[in-house]
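Visitor: Residue numbers (the working numbering), protein chains in the order written: chain A, 1 to 380; chain B, 381 to 655; chain C, 656 to 810.
Read the hints as simulated data drawn from the structure, not as lab findings.
Quick caveat, the model's predicted, so the values are computed rather than measured.
We put the CB at the ideal spot given by N, CA and C, even for glycine.
Among the hints, a few may not be true.
Pair by pair, the computed Cβ-Cβ distance ranges are [unchecked claim]: (1) A/D41 <-> B/G456: 13 to 21 Å; (2) B/A398 <-> A/R95: 44 to 52 Å; (3) B/A512 <-> C/G780: 48 to 56 Å.
Short, incomplete list of chain B residues facing chain C, as computed with Cβ under 8 Å [unchecked claim]: (4) G497; (5) T526; (6) A530; (7) D531; (8) R535; (9) I538; (10) E539; (11) A558; (12) W560; (13) P588; (14) P648; (15) T651; (16) V652.
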Amino acid sequence: MATRQHSILTIDGVAALLDALRRRGYRVIGPTVRDQAIVYDDITSLADLPRGWTDEQGAGRYRLARRDDDAVFGFAVGPHSWKKFLHSPAQRLWRTERSADGVRIIAEPVSAKPLAFVGVRSCELHAIAIQDRVLLEGAYPDQHYRARREAAFLVAVNCTEPGGTCFCASMNTGPKALGGYDLALTEIAAEGERRFAVDVGSAAGSGLLAELPHRAATPGETAAAEAAIAGATGRMGRAMPDADEVPALLRRNLDHPRWEEVADRCLTCGNCTMVCPTCFCTTVEDVASLDGSASEHVQHWDSCFTMDFSYLHGGSVRASPRSRYRQWMTHKLSTWWDQFGTSGCVGCGRCISWCPVGIDITEEVAAIRGSDSAARGREG
Amino acid sequence: MARVPEAASVPIVARVRARRRETHDTWTLSIEAGEFAFEPGQFNMLYAFGIGEIPVSLSGDPGAPGPLIHTVRAVGSASQAITRLRPGDPIGLRGPFGTAWPVDESTGSDVLVIGGGLGLAPLRPAIYRLLAERDRYGQIAVLYGTRSPADILYRREIERWRRRLDTAVEVTVDHADAGWHGHVGVVTRLIDRAAFDPDHAVALVCGPEIMMRFAANTLQAAAIAPERIYVAMERNMKCAIGQCGHCQFGPTLVCRDGAVMRYDRVRPLLTVREL
Amino acid sequence: MEIRGLDRLICEHPFFAGMSLDYCDLIGGCARNVRFDTGRYLFREGEPANEFFLIRHGRVALELTAPERGSIRFLTLNAGEIAGVSWLVPPYRWLYDAQALELTRAVSIDGACLRQKAEENHDFGYEMMKRFMTMLVQRLHAAQLQILDVYGARA
């Protein structure tokens, strides 16, 4: 893999990539500046990309800032993730119609317009793969997710500018995209211009690249791309301590006093679940017409931080904030392995940045680890 | 048996054939749903049009063709709407989902069936199958406890089972007046009276979680190994196909890994508060 | 002959399973055979609690009455079980009624007699204590589950 021959796109080549995707019928989605954040939305040209912008992130903190260069992908991740396009925040599952002959249930047809994502980070590729496990690889694949997922074209961007809350390196989910994309770009600066080293990840990617003005990378360009990624590995703002041990650590510390302490700060607002690229939980709502002749059954994103989430005739199983925070964090880092065979956390850091009180999942793990009852018992 | 995914995620329209009142808040519906195979312990999602879906265990005879039987307690808006349906009314239905009681696997063993309250409903298909192939098993005891005589489910059927000489059927209530001549006391007290060989007995337990925990405790005191005890878990459930996240119970998804679970696997989870 | 018969009944009763013959003999010295027809009371609330019963056959209901509710039946006891624990602790008075729901045969054991023997022989007393303690804890656990009223739908 290390010796794979890169191609090089110039900034005009990236513009041609956007055009080529649109010509092929894709709805092209990428990062763009809106409401003082870099979000994912429809993009039509280079001008829509957050060129010259970066993000400054910390616990409970996200700010846009001007870069002193004109990098196109010189930021980490914003509040959005690609899940809002693949695993829709609101998805009608079926409608019902009542008539003289009875009731009909009409399954919602799957959506047809293929999506192209430009600027998918390695952590996000892992997040998409994790949602694939949940939504496609069980006994009952989600047809809506599958249709969008199978049609999607993924242009990854290797991270060269990690954020203050990033910890993908410690989760083995980045910063370099190792698969699961059609094309992967690594942005470098050379001779006063932005250049993009391209890796091909699929036949579709190869076919698209052939249509774009590109040339072979020089050894110097390939080395610069690798160096940019390697540099990112060392500049992560956070690290998950001893990530491989975390599932077992949390399993044996379900009654750790730290849960109570974090619950004192946690507002149970659910922001972390909304910004998390792997959180998949949903609820359903039935909406009936006034005359009762028709209704629809709509699936919405839900959050395990609500009381309703665990409601069981008469009360909520997880009534305390302590238990709801514990549910969220142990699910991400521990029980997800039992349920789906992977971690539920990719180290993107969104939950840290977007927590209104700055709760930091890596800090919570470190605190529990620091007073692990089992470890204390062994040492004592 | 294998159903196409679409039928699992979108209901079919079935029809209510009959509705019978069991207790003051509980009704049993017979639902015509065409050909439908299920295992004892599995459940369906029942859909009240325009109101919502609820998981309800299958309570009929898995070996008999005919309508599906569901016993529903009217506690929420969907269950209230479903218990108000009349013969001929349409109802949405998808399933079956979930794991099964280890009925066939218990061949050669003594079997204790222990139900509490509405927990008898998911056990009834197992009882039907055990009794249909009675000679494959050793001792069989059906132990049922509920709140009061007025809360007893399937009363006539229990009386019919009680007339069998090859099966012990005991009913107890927590509260009674002098008009009740049966047992008074919690269902766990019936375990000591049942005849079984603890080394070769399997216990199928279903009821409120506290009752199952107490029952498992009594069963272990009677020397039945935790891995031969099965319980049926209940959690909030929206999708029944492992994708909504609501039915998480620690490392398990109740819709996919349960509702029937082996007690030794869930024992550490049952004592974690608010899991 | 009659004493030996009672000893055997005592030793065969599940409550005394595994007890040494010597101890069965000791208990036998405080025992007598009793029977109650359907509807008769083994004991009534308020009366002196001088004995307890090893139920051999039949069924016994423990009941209280309340003016607004009539008779409340809170526990039924079957063959193999013990009826009566009030003889163990002061003021040695029955706290509820015990009614035979069907023809009930039992061995009655005199409480004062047994207490006396336990005082004289602490090994015997300890053996009795273990058996009663197990039974009482089981009854306590069952009563706790009962008052939790776990079966109803919660509002």
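Visitor: Confirm or reject each hint.
Guide: Results of checking the hints against the structure:
The given range of 13 to 21 Å is broken by A/D41 and B/G456, whose C-beta atoms sit roughly 39 Å from each other. Between B/A398 and A/R95 the CB atoms are about 29 Å apart, so this pair departs from the stated range of 44 to 52 Å. Judged by the Cβ atoms, the range 48 to 56 Å given for B/A512 and C/G780 holds: they are separated by roughly 53 Å. Annotation: interface hint on B/G497 holds; nearest CB of chain C at approximately 3 Å, less than 8 Å.
Annotation: B/T526 was flagged as interfacial toward chain C, and the flag holds, the nearest CB pair being 5 Å apart, inside 8 Å. Interface restraint check for B/A530: the shortest CB-CB distance to chain C comes to about 11 Å, outside 8 Å, so the restraint is violated. The interface hint given for B/D531 holds, since its Cβ lies 7 Å from the closest Cβ of chain C, which is under the 8 Å cut-off. Because the closest C-beta pair between B/R535 and chain C is about 15 Å apart, greater than 8 Å, the hint is violated.
With its C-beta approaching chain C no nearer than about 16 Å, B/I538 sits outside the 8 Å limit, and its interface hint is violated. Given the 8 Å rule on beta carbons, the hint for B/E539 is violated: about 18 Å separates it from the nearest Cβ of chain C. With 8 Å as the threshold, the beta carbon of B/A558 comes within range of chain C, its nearest partner Cβ sitting at about 4 Å, so the hint holds. Taken as an interface hint, B/W560 checks out: its beta carbon lies about 7 Å from the nearest beta carbon of chain C, inside 8 Å.
A least Cβ separation of about 4 Å between B/P588 and chain C falls short of the 8 Å threshold, and the interface hint therefore holds. The criterion of a C-beta within 8 Å of any C-beta in chain C is not met by B/P648, whose closest approach is roughly 21 Å, and the hint is violated. Here the hint on B/T651 is broken, as its CB sits about 16 Å from the closest CB of chain C, past 8 Å. Look at B/V652: its Cβ only gets to about 19 Å from chain C, farther than 8 Å, so that hint breaks.
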